[in-house]
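Undergrad: Next come the chains, spelled out residue by residue.
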Amino acid sequence: MSLLKSTSNELPTKQIDGELVRRTLRVMILARTLESKLSSLYKGGKIVGGVYLGTGQEAFSASLGCTLDQEKDIFAPLIRDQAGRTGFGEEIIDATRTYLGSAKGPMKGRDGNIHRGRPDQRMPAMISHLGAAVSLVAGMLVARRMQGKLDGVVGATCVGDGATSTGSFHEGLNMAAVEKLPLVVLVADNQFAYSTPRERQFACDSLVKRAAGYGVAGHEVDGTNLEACLATIQSAVRAAREGGGPQLVVGSLLRLCGHGEHDDGSYVPSDLKESELGSDCLEIGISQVVARGLASEEEIKQWQMESAEEVQNAVAISQKEVGPDPYQEDWQAVSERGMS
Amino acid sequence: MSFTYIDAIQQAQLDLLRERKEVFLYGQDIGNFGGAFKATKGFIEEFPDRVLDAPISEDAMAGMAIGAAISGMRPIVEMQFADFSSIAFNQIVNQAGTHFYRTGIPVPITMRMPCGGTPGSGPFHSQMVETLYAHYPGIVVVTPATVADAYHLLKASVLLDDPVVFCEHKFLYRWLKSKSLDYDGLPLGAARITRPGKHATVVTYSAMVHEAVRAANRLAEEGWEIEVVDLRSVKPLDMDTVIASVARTGRLLALGEAFPWGGVTAEVVSRVVAEGFHLLDAPPMRLNAKDTPIPYHPDLWAVHRPTPESIVQKLRELLNL
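If you read the sequences in order, they're chains C and Y. Counting from 1, one number per residue, gives the positions in the first sequence under this note's numbering. Counting from 1, one number per residue, gives the positions in the second sequence under this note's numbering.
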């Protein structure tokens, strides 16, 4: 299979549907607004456990979430995919309820923060073990193939550069390639796995080269560039949908936050922050949308205000809701009674 | 017509494939080759789309099965040897085992684990894994000892909505035979009194049931009546049957083929002591394999695990207390 390379300066960006660009930017704004609020809540001691943000990765993640078909595709987000989740249709209140421990959240207080999902709506709830969702999504696709429901369906999942070092990632992508499944795997090469720089993580110059080894199509993109991300991810999703087998998409970017909000990220060198990799994809996205005349600055300000209002509402509702009652909790780990 | 233990496993899978279109098989060498133990021989011809050869990727095999299970399928994964499930451990305990509690959506996978020793198999093709998986919440662990149970418990496992680790003992595969697959109708989760007695109870499971019966037969020549309880599944653990047996005999030996630290025998003893201390006429005892890797040489292997001789010796100690 060929290595499909696309870089931002070669892109036919004009061909990307303006409505999709607008929607993706709105999703990025909403995700950034929510995550800023979550950070404040954490720092104010209102969130128990960790807070993990996707600052700087919104363009890459949202481009996937907004490209996938919410009615039939599968999306298994990972730690830095608030934007992708929102793009795929997850309600903001799912995030705030889970972070704030509301019993009404999708995880009912049984799991927290980013470890949430709605598997019955084709969005699996991640476990912390990196790479484990690759084979999981592959299995969801295999099931559809056996049920005669695979036509036109794409499964997608996201990882970071660190996860590519796991056996689970390797096993999963290799297996999906053997099965020729319509799977799209995004690798956000955000330069650090927690605090470990990429040169202590892998020795190849670009992770996209691994695609050839797996026998899958590889794509690489400037992960800070919204239009480039949309163009590349759209082409990868389309190729998967049309029978091209698994697609590996590597986005180069920099995590503009710590691993979690407990981490100030002081190990990130300042020259890296000041390099192009350290650009803020949200600022770039806004300038692209304005430059193409897809929205005015006033309209974008309006989106920001609406996002702030939506987030505020979700937080207010979630904070008023009670948490799970440990004395009423159904302490059952299997669904069939008498089996534990 | 007679069935071996592996015939029963083969027949259960074939019947499941024929009866339920959501059942499929995934494992290494299970297609044209028919599996390392021939448990899927000929299946791929009848079910070319539901018998899939897997790469040597136990983690991905389990992960794929979990994904399929939450999408309406009932996969049976053949781990070629239970020992290799260590590679799939994360997917089984963290992905499958937590899924129902976290999301409310059950994961009907069955992990077939060819376990236990056979002469010459060595440290990496002989292990017992039931303790590992039973320790984690959210997983049912089944340990059949008879041909009929191998058939009926495998069918029940696949039809259960929860993850099942199905520990099938390789030593029984070809040695254990039965004229039919008829059985007493005991459901998954119920233990069986394999051999009634009144002087002591041996609680055991899997291949050790047969070693316990051999030991009981030898002691019967001296007038001792030993009751043998076959747990059939170690999770759930049928304590009602165990406690009722100990109430009759007053003496307990918990017997297993796994390593001695912790495990099923320790769990049985601790529960009997906690729930039925007043029923005991003597301190309960445990007998397990030795605390070393499982040796290759048949002479070493044969005494690494409990034998009828070591079980008889332990029971004599118990009866004389």
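None of these hints come from the bench; they were simulated from the model. Treat the hints with caution; some may be incorrect.
[As the list claims (entries may be wrong)] Each pair of labels, with its calculated beta carbon distance range: (1) C/PRO269 <-> Y/ASN32: 36 to 44 Å; (2) Y/LYS290 <-> C/LYS46: 52 to 60 Å; (3) Y/ARG18 <-> C/GLN70: 52 to 60 Å; (4) Y/ILE56 <-> C/GLN319: 43 to 51 Å.
[What the hints assert, rightly or not] When the alpha-carbon atoms are kept at most 25 Å apart in a straight line, the in silico PhoX-like pairs for lysine-lysine are as follows: (5) C/LYS320 <-> C/LYS43; (6) Y/LYS198 <-> Y/LYS41; (7) C/LYS104 <-> C/LYS37; (8) C/LYS43 <-> C/LYS104; (9) Y/LYS155 <-> C/LYS72; (10) C/LYS301 <-> C/LYS108; (11) C/LYS149 <-> Y/LYS41; (12) C/LYS180 <-> Y/LYS21; (13) C/LYS149 <-> C/LYS43.
Remember, it's a predicted structure, so these values are computed and weren't measured experimentally. Every residue, glycine too, gets a C-beta built ideally from N, C-alpha and C.
Undergrad: Against each hint, give a clear statement of whether it holds in the structure.
TA: The hints, checked one at a time:
1. C/PRO269 <-> Y/ASN32: 36 to 44 Å: violated, 55 Å
2. Y/LYS290 <-> C/LYS46: 52 to 60 Å: Holds: the Cβ-Cβ distance is about 54 Å, inside 52 to 60 Å.
3. Y/ARG18 <-> C/GLN70: 52 to 60 Å: violated, 37 Å
4. Y/ILE56 <-> C/GLN319: 43 to 51 Å: Distance hint for Y/ILE56, C/GLN319 holds at roughly 50 Å.
5. C/LYS320 <-> C/LYS43: holds, 19 Å
6. Y/LYS198 <-> Y/LYS41: Roughly 44 Å separates the two Cα atoms, so the pair is violated.
7. C/LYS104 <-> C/LYS37: holds, 20 Å
8. C/LYS43 <-> C/LYS104: Holds, because 24 Å separates the two Cα atoms, which is no more than 25 Å.
9. Y/LYS155 <-> C/LYS72: Distance ~32 Å between Y/LYS155 and C/LYS72 Cα, so the pair is violated.
10. C/LYS301 <-> C/LYS108: violated, 34 Å
11. C/LYS149 <-> Y/LYS41: violated, 29 Å
12. C/LYS180 <-> Y/LYS21: Within the cut-off at roughly 22 Å; holds.
13. C/LYS149 <-> C/LYS43: The hint is violated at about 46 Å.
When each numbered hint is compared with the structure, violations occur for hints 1, 3, 6, 9, 10, 11 and 13.
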